[in-house]
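Chemist: Spelled out, the chains give:
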Amino acid sequence: MLKPLGDRVILEAQDEEEQTVGGIVLASNAKEKSQTGKIIAVGNGTVLENGETLPMNVKVGDTVIYDKYAGTEVSYEDQKYLVVHEKDLVAVVE
Amino acid sequence: MLKPLGDRVILEAQDEEEQTVGGIVLASNAKEKSQTGKIIAVGNGTVLENGETLPMNVKVGDTVIYDKYAGTEVSYEDQKYLVVHEKDLVAVVE
Amino acid sequence: MLKPLGDRVILEAQDEEEQTVGGIVLASNAKEKSQTGKIIAVGNGTVLENGETLPMNVKVGDTVIYDKYAGTEVSYEDQKYLVVHEKDLVAVVE
Amino acid sequence: MLKPLGDRVILEAQDEEEQTVGGIVLASNAKEKSQTGKIIAVGNGTVLENGETLPMNVKVGDTVIYDKYAGTEVSYEDQKYLVVHEKDLVAVVE
Amino acid sequence: MLKPLGDRVILEAQDEEEQTVGGIVLASNAKEKSQTGKIIAVGNGTVLENGETLPMNVKVGDTVIYDKYAGTEVSYEDQKYLVVHEKDLVAVVE
Amino acid sequence: MLKPLGDRVILEAQDEEEQTVGGIVLASNAKEKSQTGKIIAVGNGTVLENGETLPMNVKVGDTVIYDKYAGTEVSYEDQKYLVVHEKDLVAVVE
Amino acid sequence: MLKPLGDRVILEAQDEEEQTVGGIVLASNAKEKSQTGKIIAVGNGTVLENGETLPMNVKVGDTVIYDKYAGTEVSYEDQKYLVVHEKDLVAVVE
Numbered sequence: 008m009l010k011p012l013g014d015r016v017i018l019e020a021q022d023e024e025e026q027t028v029g030g031i032v033l034a035s036n037a038k039e040k041s042q043t044g045k046i047i048a049v050g051n052g053t054v055l056e057n058g059e060t061l062p063m064n065v066k067v068g069d070t071v072i073y074d075k076y077a078g079t080e081v082s083y084e085d086q087k088y089l090v091v092h093e094k095d096l097v098a099v100v101e
Numbered sequence: 008m009l010k011p012l013g014d015r016v017i018l019e020a021q022d023e024e025e026q027t028v029g030g031i032v033l034a035s036n037a038k039e040k041s042q043t044g045k046i047i048a049v050g051n052g053t054v055l056e057n058g059e060t061l062p063m064n065v066k067v068g069d070t071v072i073y074d075k076y077a078g079t080e081v082s083y084e085d086q087k088y089l090v091v092h093e094k095d096l097v098a099v100v101e
Numbered sequence: 008m009l010k011p012l013g014d015r016v017i018l019e020a021q022d023e024e025e026q027t028v029g030g031i032v033l034a035s036n037a038k039e040k041s042q043t044g045k046i047i048a049v050g051n052g053t054v055l056e057n058g059e060t061l062p063m064n065v066k067v068g069d070t071v072i073y074d075k076y077a078g079t080e081v082s083y084e085d086q087k088y089l090v091v092h093e094k095d096l097v098a099v100v101e
Numbered sequence: 008m009l010k011p012l013g014d015r016v017i018l019e020a021q022d023e024e025e026q027t028v029g030g031i032v033l034a035s036n037a038k039e040k041s042q043t044g045k046i047i048a049v050g051n052g053t054v055l056e057n058g059e060t061l062p063m064n065v066k067v068g069d070t071v072i073y074d075k076y077a078g079t080e081v082s083y084e085d086q087k088y089l090v091v092h093e094k095d096l097v098a099v100v101e
Numbered sequence: 008m009l010k011p012l013g014d015r016v017i018l019e020a021q022d023e024e025e026q027t028v029g030g031i032v033l034a035s036n037a038k039e040k041s042q043t044g045k046i047i048a049v050g051n052g053t054v055l056e057n058g059e060t061l062p063m064n065v066k067v068g069d070t071v072i073y074d075k076y077a078g079t080e081v082s083y084e085d086q087k088y089l090v091v092h093e094k095d096l097v098a099v100v101e
Numbered sequence: 008m009l010k011p012l013g014d015r016v017i018l019e020a021q022d023e024e025e026q027t028v029g030g031i032v033l034a035s036n037a038k039e040k041s042q043t044g045k046i047i048a049v050g051n052g053t054v055l056e057n058g059e060t061l062p063m064n065v066k067v068g069d070t071v072i073y074d075k076y077a078g079t080e081v082s083y084e085d086q087k088y089l090v091v092h093e094k095d096l097v098a099v100v101e
Numbered sequence: 008m009l010k011p012l013g014d015r016v017i018l019e020a021q022d023e024e025e026q027t028v029g030g031i032v033l034a035s036n037a038k039e040k041s042q043t044g045k046i047i048a049v050g051n052g053t054v055l056e057n058g059e060t061l062p063m064n065v066k067v068g069d070t071v072i073y074d075k076y077a078g079t080e081v082s083y084e085d086q087k088y089l090v091v092h093e094k095d096l097v098a099v100v101e
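Protein chains in written order, with my numbering: chain E, 8 to 101; chain Z, 8 to 101; chain G, 8 to 101; chain Y, 8 to 101; chain V, 8 to 101; chain A, 8 to 101; chain R, 8 to 101.
One chain only, chain E, in its complex shape:
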């Protein structure tokens, strides 16, 4: 299992429903990169300048929207995940 460090979360990309144009399934390179993911692990939180740790505002299981181009892709046991700083999460889907 992966444990994110600091204010990071680990996301599993959401399955997007296939988009079709006139019945033709679009090839993957014709689709926009998804900006939605499900949190599967969270770090301990941001460390402030006074040494205290600020707890995370999101939790495992949350579906979140993140800033385009944010995060680092990591591979672990043949699966790809995205590790994102909490400050790059823009909203929670409730």
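Mixed in with the good hints there might be a few duds.
To be verified - Chain V is faced by these chain E residues, among others (derived, beta-carbon under 10 Å): (1) 9; (2) 67; (3) 76; (4) 77; (5) 80.
Don't read these hints as lab results, they were simulated from the structure. Glycine included, every Cβ here is placed at the ideal spot set by N, Cα and C.
Chain E is already provided as a structure; the job is to place chains Z, G, Y, V, A and R on it using the hints.
Modeler: Relative to the frame of chain E, chains Z, G, Y, V, A and R by itself:
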């Protein structure tokens, strides 16, 4: 529903009245991008370096003007929204 | 009415006297952009890192000089205004 | 009169003695831009992060040397002045 | 032995299993640079602005994933290591 | 006399011994710019964020080495000086 | 003697054993620049925002590895040294 994180707000673009030149309705690509939106959700506020949270100065229902190029476009249930940091809101329309 | 947020002020551009060369009124694109404006609305002030708000040093009615290229142009009820951060105001005309 | 804001000072450019080469007065575009000025107005001082104001280290009447390219040129009643942040003043001529 | 300074850790690159395409072992320049390493030494921690030292969140023996392009390669006794700031470690493999 | 402001010092360039190649004195544009100078005036010191002034670590008469490209050249009474921030002084020659 | 200022150390480059390829000594421009040095002088330490000085973590005699491209080369009495900020030292060789 979308819940913005931190000092972010979610905006719904305002309908602009069509601008016409000599009776001809301008195509959408000939119009300037609107900088006005209506707030439909607000985050909890900015977290200061001492760990306290600064409450938001705007609320749901406010019509606001935001800095050009600010914000992240997000799609949710077939509708597009703009997520903007509070610091990029320049004024409230009263 | 527009209410500026944070440390911003809203300026109304000052009328400049027409400059003429040999009696010929110069077209507007031949004139330098004015850097003087009159304040018609002020925000609540800068929020410091400790959460306190620093009151503004300028008030409605002040004529101010601002840094070239500073500010955001906004349109409201068919009139253009300039929204400027207080730190980009260089001097008050007394 | 102009009142500078924050940690700014207003300078009046110093008259430089004409430089001549072999008796020929050099045209103004052949001379280096002066970096010396006389202070005609000072702001209230820098505001620190704790909200206190740091008094200025220079006063009206001081002749100062400023960093090349620092400052904003402003026109007021047909005269040009330079508005400079105190941190861009390098030395006082005593 | 090498002792990292500040918030740095020293990593030993992990052996990656050879990847083959149709039985042909790929030459090393055809493989992606590994982003996983094992910590063999840790620094004392980040020094905060108030002078206190924040202890490290990782320890010798941890397998970690680090940001691509992070770190400095150093050679010591004919072996190459990577020295990485703790803030560039994204997750611990547990 | 020139009085430097803040954390600045004023340096007088050191005379370098002429370097010759095979008895031929090199023209000045063939020599590296000296990075050594003698302090002839010091400012009051750096002002910290809490408003206190940190005294200077160098004094008039010290010979110092400064970072290449640091400082501002100023002319005063037909002589050129270099004004350098204390943070750009790398070492004192004792 | 040279006394480094602030959080700087002065390094003496380490002699590298000549590398030969098939018995042929490589010309100096074919070798990588060494990143190892021996500390011959240390400054007083970093000054924090509260005015306190943080003592150095390295001492005279330590052999250290430093970040590539870090530091300023200085000449003193016909010998070249490298002056490096402590934050650019990555590890101590023990």
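Chemist: Each hint needs a verdict: does it hold in this structure or not?
Modeler: Consistency of the hints with the structure:
no.	hint	in the structure
1	9	holds (5 Å)
2	67	violated (14 Å)
3	76	violated (14 Å)
4	77	violated (13 Å)
5	80	holds (9 Å)
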